[in-house]
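Enquirer: Take the sequences, apply the hints, and build the full model.
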Amino acid sequence: SAVISQKPSRDICQRGTSLTIQCQVDSQVTMMFWYRQQPGQSLTLIATANQGSEATYESGFVIDKFPISRPNLTFSTLTVSNMSPEDSSIYLCSVPTSGGSYNEQFFGPGTRLTVL
Amino acid sequence: KQEVTQIPAALSVPEGENLVLNCSFTDSAIYNLQWFRQDPGKGLTSLLLIQSSQREQTSGRLNASLDKSSGRSTLYIAASQPGDSATYLCAVYNDYKLSFGAGTTVTVRA
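Chains Z and P, in that order, give the protein sequences. Heads up, the first sequence is in our numbering, so the first residue is 84 and it goes up one at a time. Heads up, the second sequence is in our numbering, so the first residue is 129 and it goes up one at a time.
One should not assume that every hint holds.
[Said to hold, decoys possible] Straight line, CA to CA, 25 Å or less: simulated DSS-like cross-link-like pairs of lysine-lysine:
1. Z:K90 - P:K170
2. P:K129 - P:K196
3. P:K129 - P:K225
4. P:K196 - Z:K148
5. P:K170 - P:K225
6. P:K225 - P:K196
7. Z:K148 - P:K225
8. Z:K148 - Z:K90
9. P:K225 - Z:K90
Since the hints were made in silico from the structure, they are not lab data.
Expert: Here it is, written out as C-alpha cells:
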C-alpha cells in the first residue's frame, strides 16, 4: 500500500482567494488523481496528473480554476482559484499501487475546505 | 458514462447482525471494483479490491462478490460491531478512472 499525506488538513478561506493543496506519496507513482467530495455527495474526479505532462481534466473542471502541478513522481499540488462558497468540499488525492492505473487505489486523508 | 448506484442509502442494525450492502453499475466493461470505508470528515480506507476476472474477495469479516455480467457487487460484513459504523463506498474502474457510488451509511447500535 501507499502512504499519502495532504496539507493542509483543513482551511477556512475568504471568497475570491486561492488555496494550494499539497499531496505527498511515500513511493514513486506515475499517475496521481485529484477528487472533490461536496457536502453529502460522493467523490468526483477533477483531473489526472501525470509527471512530465499536463494534467487531464474531467468534464466540468478547467485548468484556470484548478491548476495542478506534478514536479516529480512523489508530489503534486492542486490549487483552487478564485474561490466561492460552492467550492467548499473535501479535496482528496489518490494513487494506484504498483505505478499502474488498474490496481488498488489509495487515498490521502483529504483537505476540508470551507469558503466564506 | 458509467453510473454506479448503491442501495440502501442508509442502514441501521443492532450489534451482531450481518450487513449486506449492494452496488450496481451500468457498464460491465470494468477492470476492477473496489470497496471503501469513509468515516465522517475523513479520507477513504480501501477495504477490498476485486479484479474483473474474480467472483469474490474476502478479508476477515468482510466478503465481497462480483457479478460483472449483471453489473452487481455485494459487500457482506459478518457479525457487525459499533466500530463498523461508517459510510461504505463502491467504485468501479473503467475508461481510465474510478466512478463512485453515493455510498451506504451504516449505523451499528450497541
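Enquirer: A separate judgement is required for each hint: does it hold in the structure or not?
Expert: Hint by hint, here is what the structure shows:
1. Z:K90 - P:K170: holds (14 Å)
2. P:K129 - P:K196: Between P:K129 and P:K196 the Cα gap is close to 16 Å, so the pair holds against 25 Å.
3. P:K129 - P:K225: This hinted pair holds, its Cα atoms lying about 11 Å apart.
4. P:K196 - Z:K148: Distance of about 37 Å is beyond 25 Å: violated.
5. P:K170 - P:K225: Holds, at roughly 21 Å.
6. P:K225 - P:K196: Distance ~17 Å between P:K225 and P:K196 Cα, so the pair holds.
7. Z:K148 - P:K225: holds (21 Å)
8. Z:K148 - Z:K90: Measuring from Cα to Cα gives roughly 19 Å; hence the hint holds.
9. P:K225 - Z:K90: holds (24 Å)
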